[in-house]
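Chemist: Whole structure, please, built from the sequences with the hints as guidance.
Residue numbers (the working numbering), protein chains in the order written: chain A, 1 to 259; chain B, 1 to 533.
Just so you know, the hints here were simulated from the structure itself, not pulled from any lab data. Because the structure is a prediction, the values reported are computed rather than measured. Just so it is clear, CB atoms sit at the ideal spot from N, CA and C, and this is done for glycine as well.
Some residues of chain A that are not near chain B, with every Cβ distance over 10 Å (derived):
hint, residue
1, Leu28
2, Thr76
3, Leu125
4, Gly128
5, Pro187
Covered by chain B, per the in silico footprint, the following chain A stretches (three or more residues, Cβ under 8 Å):
hint, region
6, 61-67
7, 87-94
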Amino acid sequence: MAVAILTDLTRCIGCRACVYACKEINGLPKEEAEGLSARTWTVVERRAGLNVRRQCMHCLDPACASVCPVAALHKTPAGPVVYEEDRCIGCRYCMVACPFHVPKYEWEKPLPRVQKCIFCSEKRLREGGQPACTEVCPAKATVFGDRDALIQEARGRIEAHPGRYVDHIYGLEEAGGTSVLYLSGVPFERLGFPTGLDREPYPRLTWEILSKIPNVVGMGGVLMFGIWWIVNRRMELERRDALREGPAKGVDDGEEGDR
Amino acid sequence: MRRFWPEVTFWRGVAAVTLAVGLYATVVRFGRGLGAATHLSDGFPWGIWVGFDVLVGVGLAAGGFTITATVHLFNLERFRPIVRPTVLTAFLGYLLVAVGLLYDLGRPYRIWHPLIMWNPHSVMFEVAWCVMLYTAVLSLEFSPMVLERFKLRTPLRVVHGITIPVVIAGVLLSTLHQSSLGTLYLIVPEKLHGLWYSPLLPVFFFLSAIAAGLSMVIIESFISSRAFGRRLELGLLRDLSRVVVVALGLYLVVKLQDMSGRGAFGLLAAPTPERFLFLVEMVFGVLIPMVLLALPAVRRDRAGLFCSALLVVLGFIMNRLNVSLTGVQGGMDAVYFPSWLELAVTAMLVTLGFISFGLAVKHLKVFPEGHQEERPVSLGRRPRPVAYLSRGALAALGAVIALGALTLDFEAAARGRVPAQEVTAGSGSDLSVLGGGASVNGSVADLRLPGDLTYPPGKDSPGAVTFSHESHVDGKRPNCATCHGGAFPILKAKAAARTAGEAMHGAQRCGACHDGKAAFGVEDNCEGCHAGG
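Modeler: See below:
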């Protein structure tokens with residue numbers, strides 16, 4: 001089963017139970033949050049008349065994990081994109097690469113970590129539970145479940161209340177699909193969601209080039225060696241001829257090469 | 001030589017100040033962290049330590065692999081006199097890139113992690129390996145200068161014996177990572193402006209690095225001849241400049257084709273700061289120097305040659321900064337302009353490069369013997385107008401870059417404010433906001449409050465307390481943060497229930513609201529909460 005979260009923004013009442021449940025289970029400081037940060041992994045923002053809960057999208061093929069040079073971030077088979085802080089070197093390429101602007105950094109610390117929602121992977125999912133945020137939601141606005149089942153549920157809601165929803169499940173295809181899905185009554189671009197994202201997973205953009213490296217090395221190596229071999233051999237022959245024919249007429253010295 | 005003394009002391013003074021300030025910046029960076037030392041933020045995670053120290057540093061050191069390949073693989077022996085200074089420049093360049101990385105990495109002591117922790121899907125992983133291996137290659141190519149100095153014959157023979165495989169490895173590694181620095185940005189199609197983002201970024205990075213690397217060789221030769229009284233290998237530099245013309249031409253052609261293919265010319269219609277920066281970069285950094293260097297009169301003129309090469313290098317620097325900083329500004333959440341500490345570190349690294357080069361020249365055989373400057377190479381006719389032309393272009397570029405930086409700074413700042421107005425930031429802490437949300441979607445009916453909680457009576461308690469969410473939560477404006485933001489954990493309701501007796505009356509618990517003002521006080525009305533008996 002691939003787990004997912006479906007957040008129905010038309011149901012969110014903005015009580016922020018999810019925000020505080022998240023802070024509690026992850027031991028984050030309980031302060032008023034102005035958007036996502038290293039100390040706030042989920043947040044409820046007021047946008048275009050809706051309460052918008054934001055968190056890591058847990059992409060099916062995450063850009064952050066693909067760009068990490070030491071594989072500190074990776075997608076687990078169950079669904080969460082998790083972080084192993086012991087590997088992280090702090091290059092912050094994940095922050096640059098994420099199309100949803102999610103990973104955040106502990107800038108003020110001497111030895112900082114990248115921080116983001118990890119789907120309560122260690123603390124809840126392992127033990128068969130659900131994330132703290134979905135568990136406490138009093139309006140069932142954000143729910144946990146199997147991704148396919150949640151997609152069915154979302155489709156059902158859109159069909160049953162076409163006037164209430166825009167006909168789009170955000171995260172179904174964005175960036176190749178994500179494990180966090182959204183329904184909304186307002187077009188997503190008005191909520192500050194990145195729209196116009198590729199339907200293909202982002203890692204493909206770089207992999208198309210990276211996968212050609214063995215060819216470059218192989219063919220380039222042979223080419224370079226071949227050039228050296230041929231040129232060297234020719235020079236050797238020329239030298240031998242020159243020796244046989246007596247003093248050379250002088251190699252082009254290259255000075256004043258222009259005309 | 002003596003007449004240069006005052007100049008030397010001036011530059012030494014500048015170097016000393018730069019190093020001192022850089023040292024202070026170093027202390028701040030490692031003592032107090034990236035947040036205190038830089039203007040980097042969650043909204044803009046890569047600054048000039050990546051944009052300049054790494055992207056520019058690596059690119060300008062590209063002369064290393066092109067010149068060694070020319071001499072050792074293509075057997076163009078006459079370029080041999082510039083191999084050593086070029087290799088030295090490249091070697092120092094890569095060492096400084098590594099040092100710069102130590103500043104930029106959040107956990108610099110883990111810089112070796114990519115050695116054993118692999119992710120072949122990461123461009124950064126590939127760059128890390130290539131840069132590391134190529135630095136090893138450069139140290140091998142550089143080692144004869146040191147080995148000769150100490151007359152270590154056997155290792156010298158070994159190094160000479162493996163020259164060809166080492167040079168080939170150097171060319172391959174350079175080709176890979178010079179282009180891969182461009183590949184880094186392929187994964188940000190929405191963040192990097194369309195004038196720079198292209199599937200061909202790796203090709204552009206590679207071609208521009210060749211042009212700029214060779215131009216850097218020209219500049220470095222001029223500076224060396226001035227600083228160390230070396231004879232200028234003008235003939236060689238002229239030939240190099242022709243290769244620069246070809247590289248720039250190729251770059252321009254591929255660029256134009258790519259832009260027309262992507263329909264990116266439309267982006268030049270709107271008067272954006274990006275358009276301005278892009279045009280400056282292309283016209284002053286590519287087009288003008290290409291045309292200038294294609295003119296024999298310019299190539300023959302010292303000032304013309306030097307200024308044209310400088311244009312290429314400055315244009316290259318501008319390109320890398322555009323890709324890494326100004327070009328992504330529109331796609332980022334925060335405005336970035338480097339802090340003075342960031343600039344100080346970068347300046348210190350550049351200064352260290354110059355100092356190391358000087359020391360190496362002093363103690364090692366970097367330049368071939370008998371190439372002391374006798375007299376400036378006199379050229380019968382001096383095509384002066386040409387020199388003015390190239391210098392004029394250079395001055396114009398300088399002015400335009402300065403202007404551009406300002407424009408962009410303001411523009412970006414202005415743009416940065418827009419989203420803040422559009423989006424009511426914050427977490428909806430005020431209650432009216434919460435009410436508004438409920439009225440829009442009318443979903444409060446769906447509100448599913450947790451069940452009643454019963455707190456067992458303490459020792460002297462008048463009775464058990466049953467807490468009801470129903471009577472405490474305003475159904476129209478529910479705000480869980482009122483209690484769960486502080487006094488009561490949201491996940492550990494049962495643990496909270498174990499808080500016994502009068503402790504519950506405290507200001508951290510029920511007393512937080514039941515203080516006689518916000519709600520009836522805990523000491524006022526026992527029966528209000530405690531069930532009788």
